[in-house]
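As given, the protein sequences belong to chains A and B, one line each in that order.
Quick note on the numbering used here: the first sequence kicks off at 6 and runs consecutively.
Quick note on the numbering used here: the second sequence kicks off at 2 and runs consecutively.
Don't read these hints as lab results, they were simulated from the structure.
Treat each hint with caution, since some may be false.
List time: in silico SDA-like cross-link candidates among lysine to any residue, alpha-carbon distance up to 25 Å [to be verified]:
1) Lys112(B) / Gly2(B)
2) Lys43(B) / Asp70(A)
3) Lys38(B) / Arg52(B)
4) Lys60(A) / Lys112(B)
5) Lys38(B) / Arg29(A)
6) Lys102(B) / Lys19(A)
7) Lys102(B) / Arg29(A)
8) Lys38(B) / Phe33(A)
9) Lys46(A) / Lys102(B)
10) Lys58(B) / Ala7(A)
11) Lys102(B) / Cys18(A)
12) Lys112(B) / Ile49(B)
13) Lys69(B) / Lys43(B)
14) Lys38(B) / Thr54(A)
Which chain B residues face chain A? A few, computed with CB under 8 Å, are given here [to be verified]:
15) Val14
16) Gly17
17) Pro45
18) Ile51
19) Phe90
20) Lys112
Glycine included, C-beta positions come from ideal geometry on N, C-alpha and C.
So you can see what is in the structure, the chains are spelled out below.
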Amino acid sequence: GAVVSQHPSRVICKSGTSVKIECRSLDFQATTMFWYRQFPKQSLMLMATSNEGSKATYEQGVEKDKFLINHASLTLSTLTVTSAHPEDSSFYICSARVGSGANVLTFGAGSRLTV
Amino acid sequence: GENVEQHPSTLSVQEGDSAVIKCTYSDSASNYFPWYKQELGKRPQLIIDIRSNVGEKKDQRIAVTLNKTAKHFSLHITETQPEDSAVYFCAASQGTSGTYKYIFGTGTRLKVLA
């Protein structure tokens, strides 16, 4: 089946540094990918929709300059957390829609960021 | 925008009993309702979904019902087993503008007691 690969699975960084998380669709092309943030024992909060070849669409309250999203190819989207601070520590999960005209989302394994 | 509420937040059942999780949504334009299961430290996995033109769907021990008028849908798990223990998320999605944005419920932590 369709697989979404996400790296790194865990990352620890110092406050003020930037961290890049990669999300790749394996064996299928993803024109749209979604980035979610999940706090411990909480739900998946949609941060932004990543669109191949165009700017990402951010949800209300998400700082676009803080969370930079790049979707340069049909199989790769990246999320960069810039100038990370302890409050940015969280579990970040990407997902991609599988199949044209289909709604099914498949998720990456997630990246746990600790600042 | 869409808002999805999910109840209960935690649910404990004896092995073999049934479990029911309920969700309500606010946007009548939503037309696709998936359920995901997330085990500790793992990615969410789709377990069943239903589209707005269907009232009920069943897959072995799992079933989902949808009431479009009332804007609510439910997950039913019968003959629960310990391996059903996980966090379950409902979601609502709509295909407007080709975005298929998913809005998730707050999750239900299901514990199946052996």
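Here's how the hints hold up against the structure:
1. Lys112(B) / Gly2(B): 32 Å, violated
2. Lys43(B) / Asp70(A): Answer violated: Lys43(B) to Asp70(A) is near 29 Å, above 25 Å.
3. Lys38(B) / Arg52(B): It holds: about 18 Å lies between the C-alpha atoms, which stays within 25 Å.
4. Lys60(A) / Lys112(B): 42 Å, violated
5. Lys38(B) / Arg29(A): 22 Å, holds
6. Lys102(B) / Lys19(A): Given that 25 Å is the threshold and the Cα spacing comes to 33 Å, the pair is violated.
7. Lys102(B) / Arg29(A): The hint holds at about 19 Å.
8. Lys38(B) / Phe33(A): 23 Å, holds
9. Lys46(A) / Lys102(B): Holds - the C-alpha atoms of Lys102(B) and Lys46(A) are around 22 Å apart, at most 25 Å.
10. Lys58(B) / Ala7(A): With Cα atoms ~23 Å apart, Lys58(B) and Ala7(A) stay inside 25 Å; holds.
11. Lys102(B) / Cys18(A): 31 Å, violated
12. Lys112(B) / Ile49(B): The given pair, whose Cα atoms are some 19 Å apart, holds under the 25 Å limit.
13. Lys69(B) / Lys43(B): 31 Å, violated
14. Lys38(B) / Thr54(A): 22 Å, holds
15. Val14: With a closest approach of 19 Å, the Val14(B) hint is violated.
16. Gly17: 27 Å, violated
17. Pro45: 5 Å, holds
18. Ile51: 11 Å, violated
19. Phe90: 6 Å, holds
20. Lys112: 13 Å, violated
In summary, the structure is inconsistent with hints 1, 2, 4, 6, 11, 13, 15, 16, 18, 20 from the numbered list given earlier, while agreeing with the others.
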